[in-house]
Structure formats: structure tokens, C-alpha cells
Amino acid sequence: MMYEGGVYKHNLLVELVEDLGGYILQKNIMQTEVIIIMLVPMKDIHLVEDMTKKLLGELTRAPLSGAEIAVVAPTLAYHHLPHLDCDIAEFLRRKGAKTNMVGLGRGVGSRICQISAYERNLINEHDLAVYILGNFKHCITESKPRLFEGIEIPIVVTGAPEIDLDAIKNADAYVGNLGRQAHRMRKGDEMHAMDQVVAEVGKILDTEREDIGKDPQSVMPPRVKKEIEDQVQEINEVLSPLPITLRLKGLKVKLDYDEFHDKIGEVSFVEGLKLKDIADIRRSNMKNFILVDIKPKSESGYVI
Amino acid sequence: MEEDEKIMVESPEEEVGGNVYKQVISDVLSDLALGRVIKKVRVYVDVTEPVFIFVALRHTGLASVKLKDFADVEIGEYGKHQVIINLNKEAYIPQLLQKLWERYGKGNIIHEERAVVVVETPDYMNEVDILSEMVIDEKAGEINERIVDSMLRIIPEGFRVRYHQMTREYFLFVASEDSIKQEWKDRAQAILDKLLGGVGSIA
Numbered sequence: 001m002m003y004e005g006g007v008y009k010h011n012l013l014v015e016l017v018e019d020l021g022g023y024i025l026q027k028n029i030m031q032t033e034v035i036i037i038m039l040v041p042m043k044d045i046h047l048v049e050d051m052t053k054k055l056l057g058e059l060t061r062a063p064l065s066g067a068e069i070a071v072v073a074p075t076l077a078y079h080h081l082p083h084l085d086c087d088i089a090e091f092l093r094r095k096g097a098k099t100n101m102v103g104l105g106r107g108v109g110s111r112i113c114q115i116s117a118y119e120r121n122l123i124n125e126h127d128l129a130v131y132i133l134g135n136f137k138h139c140i141t142e143s144k145p146r147l148f149e150g151i152e153i154p155i156v157v158t159g160a161p162e163i164d165l166d167a168i169k170n171a172d173a174y175v176g177n178l179g180r181q182a183h184r185m186r187k188g189d190e191m192h193a194m195d196q197v198v199a200e201v202g203k204i205l206d207t208e209r210e211d212i213g214k215d216p217q218s219v220m221p222p223r224v225k226k227e228i229e230d231q232v233q234e235i236n237e238v239l240s241p242l243p244i245t246l247r248l249k250g251l252k253v254k255l256d257y258d259e260f261h262d263k264i265g266e267v268s269f270v271e272g273l274k275l276k277d278i279a280d281i282r283r284s285n286m287k288n289f290i291l292v293d294i295k296p297k298s299e300s301g302y303v304i
Numbered sequence: 001m002e003e004d005e006k007i008m009v010e011s012p013e014e015e016v017g018g019n020v021y022k023q024v025i026s027d028v029l030s031d032l033a034l035g036r037v038i039k040k041v042r043v044y045v046d047v048t049e050p051v052f053i054f055v056a057l058r059h060t061g062l063a064s065v066k067l068k069d070f071a072d073v074e075i076g077e078y079g080k081h082q083v084i085i086n087l088n089k090e091a092y093i094p095q096l097l098q099k100l101w102e103r104y105g106k107g108n109i110i111h112e113e114r115a116v117v118v119v120e121t122p123d124y125m126n127e128v129d130i131l132s133e134m135v136i137d138e139k140a141g142e143i144n145e146r147i148v149d150s151m152l153r154i155i156p157e158g159f160r161v162r163y164h165q166m167t168r169e170y171f172l173f174v175a176s177e178d179s180i181k182q183e184w185k186d187r188a189q190a191i192l193d194k195l196l197g198g199v200g201s202i203a
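From first to last, the protein sequence lines stand for chains A and B.
Numbered according to the working numbering, the first sequence spans residues 1 to 304.
Numbered according to the working numbering, the second sequence spans residues 1 to 203.
Heads up, some of the hints might be wrong.
[Unchecked claim] Simulated restraints on C-beta separations: (1) K214/A with G35/B: 33 to 39 Å; (2) L152/B with A167/A: 27 to 33 Å; (3) K287/A with D149/B: 31 to 37 Å; (4) H111/B with I29/A: 45 to 51 Å; (5) P94/B with C86/A: 32 to 38 Å; (6) L152/B with K287/A: 29 to 35 Å.
[What the hints assert, rightly or not] Take a look, some chain B residues computed to stay more than 10 Å from chain A by CB distance: (7) A91; (8) M125; (9) E127; (10) S132; (11) L172.
[Stated by the list, open to error] Not the full set, but computed from the structure, chain B residues with beta-carbon under 7 Å of chain A: (12) E14; (13) V16; (14) T48; (15) G158.
Everything labelled a hint here was simulated from the structure, so no lab data went into it.
For glycine and all other residues, C-beta sits at the position ideal for the given N, C-alpha and C.
Sequences and hints are given; from them, build the entire structure.
Structure representation (C-alpha cells):
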């Protein structure tokens, strides 16, 4: 769920969610406004709704909560940025996702476009990638699929023409009517197309979540987030936005890997387990951060 | 009707792409305030080749700004080797000072009062005439820069091999990933000829 409202007394809502056994995923305070993205148990939603009404805030469903999405542009030059990419990222964020923009080094052109191993690994750290491509069908169907090679996460592609999904190799969804634009997305059909991107992303994430549900994770990522916040003091001094970012299958902790990965592994749960017993802790390609991949039940043997 | 359109993008088998490209071109031209400089734009894109041809006609006749247009230039008092510039407009001071510093050196330019610039030079009798005819702001040069900038923004980023012609009447760009073929240049020339012919007949 996403709460939008004033800063005044918003702590009441935070405390209520914690009392109900929910989790605060993200809290952004912008001057006098606050946006809180949270997980709330289904049966207690009415209590949160009542509190929201009391605080004169607004509560909306945020279907992309807890996912980290890469928005990929062929390069960072003004040919591809900022308008379309930023607008799409903004739409995804409004539905609760955490987005990272990835500009490829040599993603331009049709014959000459390429993606490096580093970029591939970086994109693979996300839950889903949205590739923002251009105006020409030939380009999207023939040349750019080279940029999707080696990407193991689902791929959503956007572009201008209407294209059958089958024509684009390795893509999981395609949304038309976007393409390369040099102005901000304001018109009705443009907004509609971006809503469609969000819908496609939501659909794919839902199936991903279902797949995870078949073999549940040993522990829910939001719970790990809470435990890390309580047990690793240094995380409170991190200035990056969202010091602990949730992913579908784990988390990204924005602390230096070499210095802190042992400490993160030692985070313990009341059930007597340590995080390193139920999760893989590895180095992220992004600024040497720490990636935590939570093992499924079939691998660790526990669900807590 | 087709002939009258300001921007036209032709793209075989890529109608949607062509239409979106038209929007991109008009956005870029208006971002750089080139709408009134450019008369007509014709673009041919074929991504299968791949080639991008851009031909545009421009309006001519943008005068450059000379010092005498916005200032009174006279010799200094008797016995002093000076030229005095009394400014009527402050808009061009940065460009003016830049040009004066280049020509006479910073030490010889005295700018104590806001609207008065004093130039110290031994040859003040000749310099007074040279100065009043000095071109301070070259509109055409600045517009050329903007046009090149707009081209780089419009052409697909990967098309790094370029061929261009630029005159006071028109400019023509051919861009591709591969080396430029003679047939592309010929096609660009044909588009240009048609455009020049068309405008000529209307005038």
C-alpha cells in the first residue's frame, strides 16, 4: 500500500503498521509531505484505512512494491534521455517500485550496438528490466535484441510501432506508442501507454511472485530489512536513498561489501538462525554494495 | 499539399517511426528556437540500409551587429591616446569586452563607468574607424552553431559517419553507421534539388 499525506502525526500510522505486524518499506519525507510504502496484513487493511482518514491522507494500492526495476536506455545522451525514460521510471515509482536507470555504454546503432558483461551483470541484479527503445520496427526486432542476450530477468520493451511480441527475441512483453521523444509525456495516449507499461510490469511481477510462492523463501525480505536496521547500526548513517532496497528474492544493502558482509551474515533471528544460514551474501556490481539472496525452503529447509 | 508542409519525414515501411520522428524534429527545432530560421525540412530514413538524410532550407538575411549600431565611438580628449565608446545598450558588453581584450590587451581597456569603455591605443585616429565597424555579435555564426547542434540531436545517435554541406541557403546531412555511399549522397542531392526548385517556383 502507499500512503500519501502530511508529515504531521504520520508516526501514528507507522506505529499502527508495526503493531499490526506489517512493514514500512520506504518512507520519503518531502518538506511537509510524506510518502510511505508499506506492507499491511490483508485482514487489517481497514484499520489502516481508518487511520489514513483520520490523518486526512490518501491510501492507494502499490502493486510494484518490493521490486527493484532497471530502466535501460541505449546510452545516456540526450537522444534517449531524459523525457521518456524519466517519465516511465516515475510511473513505476508511483506504483511502489524502486527504479534504477541504466545507460549502456555502447547500446546505440543497429549493427554496432553491444552490451558488456559488466552491464549484463548489473541488470541481472534487478527483478525486471524495462528497455526503452526507439521509433523503428526494424531496429527493435532485428538489431536491439542483441542487448537482451544474457539477461536472465524478465524484459519489457517499449517502442513506437505496434509489434507482435513474437517478433522480438527474448522479450517478455512489448508496449507500443512510446518510442523516442524529445518532450515530456503529457498527452492522453502517452499517459495511457505508460500505464500499460506499468500494467505489463505488474503482470510479470505477479507471476514471479506466484513462482516464489510455490517454493517459499526461508524468510520474507521485509523482515530481514527490519532485523538489519535493528542489528547493524551503521545502516542508519548511510546517505543513499533507500539504504536497504527490497528485491523480490532478497535485498540490496548499501554498505561496503568488504567491511560489512560478515556483519550482515551474522544478523540473527529469534528463531535462532543467522542470515548467512538462509541466504547467500554476495558482492553487488553497483558500488560494491552487498546483495542478499534469500534461499528458498527447498534449499535451506526452513521457513521462519 | 505535400509540398507545402514544413517538416516531412519519409521512411519506407516505417510509417509510425516516421511520424514519431517528425515530432522529434519539431521538438528539437523548437527547443533550440530554430523554428523561424528554417523554411522547410525533408528527411529520408531507411533503417535497413541504414541511412539518415536530412535536408533543410533556411531563411537568409540575418545581419550581424556592429559596434556603431549600439554605441557612439569618438576620440578622447586632446593629448590623450584614447578612443571612447559610449554605450547606448548594455546587452552586448560581454562580447564587446571579449573582442577588445583580444585586440588591445586587458591593460589597455578601462571600464570604470557602466556605459563608457575607454580604449588606450597610440593609433587612435585609425582605430576609431575600425572600432565603429567592428562586428560584435555574429548572428549567423551563432545560428550555424545551433543548427549543427540540432542536427546532432536529431540524427540517430549510432549514426556516427556523417557527410554534410552547409551554405547560407540550405544544409544537408547524410549520416550512417557504415561508410557513406554515393547513392545516398545522390538521393540527398535529389531531395535538395526538388526542394530548391519547388521554393523557386513559388517565389
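Task: Broken hints, by number - done: Number 1 - this is the single hint that the structure violates.
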